[in-house]
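Novice: Single-letter residue listing:
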Amino acid sequence: MNDRKYMLRKIWEMDFALHELVLFLDTHPKNARALELTRQYRARRATAIAEYEAVFGPYQPTADSTPAEGEWKWIKGPWPWEFDGTEV
Amino acid sequence: MWQYQKKLQYPINIKNPNPKYAQIIISQYGGPDGELGASMRYLTQRYSMPYDDVKATLTDIGTEELAHLEMICAMVHQLTRKLTPKQIKDAGFDTYFVDHTNAVYPIAASALPWRAEYIQAKGDILADLHEDLAAEQKARVTYDNLIRLIDDPDILDPLRFLREREIAHYQRFGEALRRTTDRLDSKNYYAFNPSFDK
Numbered sequence: 047m048n049d050r051k052y053m054l055r056k057i058w059e060m061d062f063a064l065h066e067l068v069l070f071l072d073t074h075p076k077n078a079r080a081l082e083l084t085r086q087y088r089a090r091r092a093t094a095i096a097e098y099e100a101v102f103g104p105y106q107p108t109a110d111s112t113p114a115e116g117e118w119k120w121i122k123g124p125w126p127w128e129f130d131g132t133e134v
Numbered sequence: 021m022w023q024y025q026k027k028l029q030y031p032i033n034i035k036n037p038n039p040k041y042a043q044i045i046i047s048q049y050g051g052p053d054g055e056l057g058a059s060m061r062y063l064t065q066r067y068s069m070p071y072d073d074v075k076a077t078l079t080d081i082g083t084e085e086l087a088h089l090e091m092i093c094a095m096v097h098q099l100t101r102k103l104t105p106k107q108i109k110d111a112g113f114d115t116y117f118v119d120h121t122n123a124v125y126p127i128a129a130s131a132l133p134w135r136a137e138y139i140q141a142k143g144d145i146l147a148d149l150h151e152d153l154a155a156e157q158k159a160r161v162t163y164d165n166l167i168r169l170i171d172d173p174d175i176l177d178p179l180r181f182l183r184e185r186e187i188a189h190y191q192r193f194g195e196a197l198r199r200t201t202d203r204l205d206s207k208n209y210y211a212f213n214p215s216f217d218k
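Line by line, the protein sequences give chains A and B. Following the numbering used here, the numbering of the first sequence begins with 47 at its first residue and continues without gaps. Following the numbering used here, the numbering of the second sequence begins with 21 at its first residue and continues without gaps.
Next up, chain A with everything else stripped away, as it sits in the complex (with noise of 0.2 Å):
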């Protein structure tokens, strides 16, 4: 696994972790843990995406990072259900 996956793996690990705290707080709204899980993901998740831009730019469009000059960087592939099958 290269860098940039790697990279990109730990902010969406702390997504999905992210996520399962937002559907356990829908109906928990008031779990002490939950909320203090929340709070560290939350600064987990933002540290790993401040990582990540530092090396590879933006890392999502419409962020203050996202460069609108010169070229539109959003568009660049591989999009997320594109695999042909070689890389890993």
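Any given hint could turn out to be false.
Said to hold, decoys possible - Quick list of in silico lysine-lysine cross-link-like pairs, DSSO-like style, CA-CA up to 27 Å: (1) B:K26 <-> B:K102; (2) B:K26 <-> A:K51; (3) B:K35 <-> A:K51; (4) B:K102 <-> B:K40; (5) B:K27 <-> A:K56; (6) B:K26 <-> A:K56; (7) A:K119 <-> B:K26; (8) B:K75 <-> A:K122; (9) B:K207 <-> B:K218; (10) A:K51 <-> B:K27; (11) B:K158 <-> B:K75; (12) B:K75 <-> B:K27; (13) B:K40 <-> A:K122; (14) B:K207 <-> B:K142; (15) A:K51 <-> B:K102; (16) B:K27 <-> A:K119; (17) B:K218 <-> A:K122; (18) B:K218 <-> A:K56; (19) B:K27 <-> A:K122; (20) B:K75 <-> A:K76.
Stated by the list, open to error - Among chain B residues calculated to face chain A with C-beta under 7 Å, some are: (21) L28; (22) K35; (23) T77; (24) R192.
Stated by the list, open to error - Simulated DEER-style distance windows between Cβ atoms: (25) A:L64 <-> B:N122: 33 to 43 Å; (26) A:W120 <-> B:T104: 32 to 42 Å; (27) B:T104 <-> A:A92: 44 to 54 Å; (28) A:R50 <-> B:A131: 31 to 41 Å; (29) A:Q106 <-> B:D119: 28 to 38 Å; (30) A:Y52 <-> B:G143: 30 to 40 Å; (31) A:K76 <-> B:T115: 27 to 37 Å; (32) B:T104 <-> A:L64: 35 to 45 Å.
Note that these hints are calculated values from the structure, not bench results. None of these values were measured; they are calculated from a predicted model. In this text, a Cβ means the ideal position worked out from N, Cα and C, and glycines have one as well.
Chain A is already provided as a structure; the job is to place chain B on it using the hints.
Specialist: Positioned in the frame of chain A, the structure of chain B alone reads:
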């Protein structure tokens, strides 16, 4: 509104195309208990939901189902990659190919196109939450059946992830139902419909 994230919720990297597997996995896109129906069911039911926590659960699970729909489509897309006419005919994929080429179209494994009859929005919180609990179990059984029929670790791994999500969602809907009945008349849950009666 929704904003797209340029990722799959769980990675799909299938090395070996297999149009026979594509034809059964596509049922979790456009079949009776598939992810398209799941997302439409939960997102549609929100408007008559009387309680904020249940509106949130339907919104957040309905949104995750859109991500699952994308995963299933990615699987079908990769399983039908670079096929020759001979491979298409040998796998019996010709009956799909003639109408859709290599597009991903929402149909069941039996080829029946997706229908709104697969979902219900009854405007009654007890009826709708029981439908949602049943839907998660039916989707879980469909994943069980796919896992029985498929012998490729690149496919089984994400299918097992998706099966686990059905169980997590069933748990959350069960909690939403318990929180709902806690707010109703304990002697007669059906005394009034909080989605309609005031």
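Novice: Each hint: holds or not?
Specialist: Here is how each hint holds up against the structure:
no. : hint                          : result
1   : B:K26 <-> B:K102              : holds (24 Å)
2   : B:K26 <-> A:K51               : holds (13 Å)
3   : B:K35 <-> A:K51               : holds (18 Å)
4   : B:K102 <-> B:K40              : holds (14 Å)
5   : B:K27 <-> A:K56               : holds (13 Å)
6   : B:K26 <-> A:K56               : holds (15 Å)
7   : A:K119 <-> B:K26              : holds (12 Å)
8   : B:K75 <-> A:K122              : violated (36 Å)
9   : B:K207 <-> B:K218             : holds (18 Å)
10  : A:K51 <-> B:K27               : holds (11 Å)
11  : B:K158 <-> B:K75              : holds (22 Å)
12  : B:K75 <-> B:K27               : holds (26 Å)
13  : B:K40 <-> A:K122              : violated (31 Å)
14  : B:K207 <-> B:K142             : holds (23 Å)
15  : A:K51 <-> B:K102              : holds (25 Å)
16  : B:K27 <-> A:K119              : holds (16 Å)
17  : B:K218 <-> A:K122             : violated (53 Å)
18  : B:K218 <-> A:K56              : violated (48 Å)
19  : B:K27 <-> A:K122              : holds (13 Å)
20  : B:K75 <-> A:K76               : holds (17 Å)
21  : L28                           : holds (5 Å)
22  : K35                           : holds (5 Å)
23  : T77                           : holds (4 Å)
24  : R192                          : holds (5 Å)
25  : A:L64 <-> B:N122: 33 to 43 Å  : holds (35 Å)
26  : A:W120 <-> B:T104: 32 to 42 Å : holds (34 Å)
27  : B:T104 <-> A:A92: 44 to 54 Å  : holds (48 Å)
28  : A:R50 <-> B:A131: 31 to 41 Å  : holds (40 Å)
29  : A:Q106 <-> B:D119: 28 to 38 Å : holds (37 Å)
30  : A:Y52 <-> B:G143: 30 to 40 Å  : violated (48 Å)
31  : A:K76 <-> B:T115: 27 to 37 Å  : violated (54 Å)
32  : B:T104 <-> A:L64: 35 to 45 Å  : holds (44 Å)
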